[in-house]
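Undergrad: With the sequences and hints as input, model every part of the structure.
So the protein sequences, as listed, match chains A and B.
Using numbering that gives the first Met the number 0, you'd call the opening residue of the first sequence number 0 and step up by one each time.
Using numbering that gives the first Met the number 0, you'd call the opening residue of the second sequence number 0 and step up by one each time.
Because the hints were derived from the structure by calculation, they are not lab data.
Accuracy of the hints is not assured; some may be wrong.
Beyond 12 angstroms from chain B on every Cβ pair, some chain A residues (computed) [claimed, not checked]:
(1) 76
(2) 81
(3) 115
(4) 191
(5) 255
(6) 258
(7) 414
(8) 520
(9) 532
Calculated lysine to any residue pairs in the SDA-like style (CA-CA distance at most 25 angstroms, straight line) [said to hold, decoys possible]:
(10) 15/B / 87/A
(11) 204/A / 192/A
(12) 201/B / 178/B
(13) 10/B / 396/A
(14) 373/B / 433/B
(15) 10/B / 91/A
Small disclaimer: the values here were computed from a predicted structure and weren't measured.
A virtual CB, placed ideally from N, CA and C, is assigned to each residue, including glycine.
Protein chains: 2
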Amino acid sequence: MAKQKKAPRPKAETPKGFRDYFGHEVTTRSEMLRKIAGVYHRYGFDALESSAVETVEALGKFLPDVDRPNEGVFAWQEDEGDWLALRYDLTAPLARVYAQHRNDLPTPYRRYAMGPVWRNEKPGPGRFRQFYQCDADTVGTASMAADAEICAMLADTLEEVGIPRGDYIIRVNNRKVLNGVLETMGLSDDTQRDAVLRTIDKFDKVGETGVRELLGKGRLDASGAYIDGVGLSEAQMQPVLGFINYFEVVQNELSLEASQARDEGNADRGSQLDNARHSVMFEFKDDPVASDPEALAIWNNRVFNHLKRLIGSSSIGFSGVEELREIFELLGAQGYGADRVRVDPSVVRGLGYYTGPVYEAELTFEIFDEKGRKRQFGSVAGGGRYDDLVKRFTGQAVPATGVSIGVDRLLAALREKGRIEAREEGPVVVTVMDRDRMADYQAMVGELRQAGIRAEVYLGNPKNFGNQLKYADRRHSPVAVIEGGDEKAKGVVQIKDLILGAKIAETATLEEWKDRPSQFEVPRDQLVAKVRDILDAHKP
Amino acid sequence: MAKQKKAPRPKAETPKGFRDYFGHEVTTRSEMLRKIAGVYHRYGFDALESSAVETVEALGKFLPDVDRPNEGVFAWQEDEGDWLALRYDLTAPLARVYAQHRNDLPTPYRRYAMGPVWRNEKPGPGRFRQFYQCDADTVGTASMAADAEICAMLADTLEEVGIPRGDYIIRVNNRKVLNGVLETMGLSDDTQRDAVLRTIDKFDKVGETGVRELLGKGRLDASGAYIDGVGLSEAQMQPVLGFINYFEVVQNELSLEASQARDEGNADRGSQLDNARHSVMFEFKDDPVASDPEALAIWNNRVFNHLKRLIGSSSIGFSGVEELREIFELLGAQGYGADRVRVDPSVVRGLGYYTGPVYEAELTFEIFDEKGRKRQFGSVAGGGRYDDLVKRFTGQAVPATGVSIGVDRLLAALREKGRIEAREEGPVVVTVMDRDRMADYQAMVGELRQAGIRAEVYLGNPKNFGNQLKYADRRHSPVAVIEGGDEKAKGVVQIKDLILGAKIAETATLEEWKDRPSQFEVPRDQLVAKVRDILDAHKP
Chain A
0 MAKQKKAPRP KAETPKGFRD YFGHEVTTRS EMLRKIAGVY HRYGFDALES
50 SAVETVEALG KFLPDVDRPN EGVFAWQEDE GDWLALRYDL TAPLARVYAQ
100 HRNDLPTPYR RYAMGPVWRN EKPGPGRFRQ FYQCDADTVG TASMAADAEI
150 CAMLADTLEE VGIPRGDYII RVNNRKVLNG VLETMGLSDD TQRDAVLRTI
200 DKFDKVGETG VRELLGKGRL DASGAYIDGV GLSEAQMQPV LGFINYFEVV
250 QNELSLEASQ ARDEGNADRG SQLDNARHSV MFEFKDDPVA SDPEALAIWN
300 NRVFNHLKRL IGSSSIGFSG VEELREIFEL LGAQGYGADR VRVDPSVVRG
350 LGYYTGPVYE AELTFEIFDE KGRKRQFGSV AGGGRYDDLV KRFTGQAVPA
400 TGVSIGVDRL LAALREKGRI EAREEGPVVV TVMDRDRMAD YQAMVGELRQ
450 AGIRAEVYLG NPKNFGNQLK YADRRHSPVA VIEGGDEKAK GVVQIKDLIL
500 GAKIAETATL EEWKDRPSQF EVPRDQLVAK VRDILDAHKP
Chain B
0 MAKQKKAPRP KAETPKGFRD YFGHEVTTRS EMLRKIAGVY HRYGFDALES
50 SAVETVEALG KFLPDVDRPN EGVFAWQEDE GDWLALRYDL TAPLARVYAQ
100 HRNDLPTPYR RYAMGPVWRN EKPGPGRFRQ FYQCDADTVG TASMAADAEI
150 CAMLADTLEE VGIPRGDYII RVNNRKVLNG VLETMGLSDD TQRDAVLRTI
200 DKFDKVGETG VRELLGKGRL DASGAYIDGV GLSEAQMQPV LGFINYFEVV
250 QNELSLEASQ ARDEGNADRG SQLDNARHSV MFEFKDDPVA SDPEALAIWN
300 NRVFNHLKRL IGSSSIGFSG VEELREIFEL LGAQGYGADR VRVDPSVVRG
350 LGYYTGPVYE AELTFEIFDE KGRKRQFGSV AGGGRYDDLV KRFTGQAVPA
400 TGVSIGVDRL LAALREKGRI EAREEGPVVV TVMDRDRMAD YQAMVGELRQ
450 AGIRAEVYLG NPKNFGNQLK YADRRHSPVA VIEGGDEKAK GVVQIKDLIL
500 GAKIAETATL EEWKDRPSQF EVPRDQLVAK VRDILDAHKP
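TA: This is how it looks when you write it as structure tokens:
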């Protein structure tokens, strides 16, 4: 037998597009997920953790003509022949679970799910092939109360994780309204309809002029590229323009009405109408009118009437507006005002499968992007009603609606706003002055831990004391404990306040610290109490 | 083009060997993981969440001659040619992470990780291809303090999740001691050595007679199958027998010593030795001697001397015993007695890669197995020192030690002991008497939720009121709220105590309940307070 060559060393690398999460990144995410789960649970939603692996057949969405069904998913073939894949979202598995277990599940079935999903896509900067999703869905009811509930829950959730009211807004629309408008425009060509929807979706970015160009002949992009237009005439595009301009139209209408009311001597009515007009304006977010459901109801009423004019005689459009009205009535009854939820006809949502209400949570505060430009943070969650997903399995349409929170974006937002500390405080480090007295040092950390204080003994080579302090520094330790032979003999320990020490090192004027030494001696039996004092003193 | 056939409906099934987890199963697990993470964190361990997907190269352990490296793992090939796979444990990824990021990580690096792992194995009853692991490891130190710390942490963790002291024991051994014994026996043949180790591992099941047979000519199994023996002579197997009989040997030794001490008029010494002897006996677990580290130290001293006799002049064996002595000295200094940690030379641990101390947490209470037989619950966690895992990547040996908790077994144990409620209380259900007053019902749940009470409106078809109560029943709801037109007019709501209702329905003697109606009327504005009263009354 030939001598086997020694195998080369494997590379220590995460696969392309994957990453590892360390310490604080992991704990802040799980803490956030726990808070979200708390709200979902309070709303009556039950946890579901489906398997990460599904049959490709159950996941669906694959081209029938490719040899290997790995378009967008990570898939492999079992020895017996079944193709399996990692889930690419939490909705497709929900459809499978509901179809499989529907006889054992309550109807309607409210469930939440949180966990990683995988996409076999080209990775890019900040774009990973494994990421977290956090979903809540109600399956088995067509009631708009389910959609209203999801919107209310989404608002509560954002506040629970640390996004205060005023820093987010939930925009609600209905695909049926959009379809009604398209119907009125006489667009029967699916490609054209999709192009119009995509254009509406871009309104935020390109403004009214951009929308006009994109619906008409085309538009020169910021990058210099020319985007072909949909090719509509000026007359044809009117309903869409009316649609995206709803805000100005309704503002003007209310303004006019208010003046009329005042002219007719009805000052109260005038204020009421002004309040409604103000309630949805951002600069009024801290004004009580923004949180007044009645002001929002008046505003919404004008919006719905405007939409109805645009959809003309389309019955699908009409039912879309009525659904929106119902959702907002329910939200209003629970006290949700324009500072939390609003109608927004320009919300489209990408996924093709939405069939009714769609909603999107947007953070409204400004951040600086990587190029130093101010911009709004944007969307962190979205969802809507999809009535056909379970049908794939059972043949019966099962109405469903739900939301997905972009966990990583939400974490980024909280970090951006300083609501999550950038790093975590490390453990108290008990240094090792005498290798033979490890038992003494272990006893110290034992006491600290029993008192609920995060603590550890330095377990590296204790020879070089400087290395021990460097280690404590790398661990962001707040306190180091030192007990050499002298201290042992005297029955004391040295406590080093590392946070204070770092502050002293940073500032030029030592004066102000002179009364607060960063290292001091305490009797051994006061170790825990003194360490706790220091930790409490540094608490934000 | 031929007309495309309509695709058949996909089957709604989890892939073979996978399962879904619902509601309470999910939340009790995450609550347990949160508690475990809390202890790990207090011990200075940092969270790590590595990607679920690794390169097959980094995972290692695959046969070079199979075309597809899917022995035991789920693997697939990337378009560019790399083989990727789902992690099969949390230790192999740790080795990769440490090798990859070692310049940015503190040394020693204490990390914990929790999450699913995947095994491409034949599924069996209760045996799934995706399951949770929960690990803590210290990388980069050869200090026995790291091993002692892991053992102490494991004990604290079990108590934190609800296994009281006395219901578990952490048994500690050292592979070097085992190797020393094998060395003394002159066994150089690896197959023979492995066979001896496997036999020692079976001691718990087959007893001393069984071990004798397995080490000698062979043994007739309980199932009637004949197991070939290792083929050792009676003389050759003496060290192993001395090894597994350590308990009786040391018990006798201490008993004899105690008598001698008493005979010599030293009653105190006699009691001390008796205490040491008693400390490790199960029936003494509630006796203070079991928690006395000094009693354990005396016991351990005899065990170590006994082991040293068995390993003769083997230097590896000697260092193994010294390592055990160091571990127990450190544990003793932190107050860990025989009711929590013990030396046990019969602990082997399956995995080939352990190189030093090995430890195992066993639950000591009895349960009834599926056949109604009483048996001890057995192992729920284990680990040990492995010094060669990182070397695969870097060429340098990096000492490491760690533990893995079998999350699902631990959950099963807690359920078995009634420490986790078998099911969860459902939400308060607000029923729908009048479809047009959904807003009123939503307002009710809104109030309940704001008060922190889990609540929901019935969102199914409200036509049949019986179905609404059936739904509440299926949800295990504690309370149903009813407000029809009459109640609305009177400004009241009906509150139905469903738990009490079920109790009344169960018992024949209605007498005892006659003063406690299960349904009553309260003013609408007392809804939240009354519901809370009922929930509080039912709290365990």
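Undergrad: Does the claim that residue 258/A lies outside the interface with chain B hold up, using a Cβ gap greater than 12 angstroms?
TA: holds, 32 angstroms
Undergrad: At 12 angstroms, judged by beta carbons, does residue 520/A keep clear of chain B as stated?
TA: Answer for residue 520/A: holds, closest chain B Cβ roughly 22 angstroms.
Undergrad: Would you assess whether residue 81/A, listed as outside the interface, keeps its beta-carbon beyond 12 angstroms of every beta-carbon in chain B?
TA: The assertion about residue 81/A is violated, with a minimum of 7 angstroms to chain B.
Undergrad: According to the definition I'm using, a residue is off the interface if its beta carbon is farther than 12 angstroms from all beta carbons of the partner; does residue 532/A meet that for chain B?
TA: holds, 19 angstroms
Undergrad: Is residue 373/B close enough to residue 433/B, meaning Cα to Cα at most 25 angstroms?
TA: Answer violated: residue 373/B to residue 433/B is near 55 angstroms, above 25 angstroms.
Undergrad: Compare the distance between the alpha carbons of residue 15/B and residue 87/A with 25 angstroms, and conclude whether the hinted pair is satisfied.
TA: Holds, at about 19 angstroms.
Undergrad: Would the non-interface assignment of residue 191/A survive a Cβ cutoff of 12 angstroms against chain B?
TA: holds, 24 angstroms
Undergrad: Any Cβ of chain B at or closer than 12 angstroms to residue 414/A, or is the non-interface label fine?
TA: holds, 17 angstroms
Undergrad: For the pair supplied as a hint, residue 10/B and residue 91/A, confirm whether the alpha-carbon distance does not exceed 25 angstroms.
TA: holds, 13 angstroms
Undergrad: Can the restraint linking residue 204/A and residue 192/A be considered satisfied, given a maximum Cα separation of 25 angstroms?
TA: Answer holds: residue 204/A to residue 192/A is near 20 angstroms, not above 25 angstroms.
Undergrad: Beyond 12 angstroms from every Cβ of chain B: is that where the Cβ of residue 255/A lies?
TA: holds, 30 angstroms
Undergrad: Checking one constraint from the list: CA of residue 201/B to CA of residue 178/B, max 25 angstroms. Satisfied?
TA: holds, 17 angstroms
Of the hints listed earlier, those the structure fails to meet are numbers 1, 2, 3, 14, in rising order.
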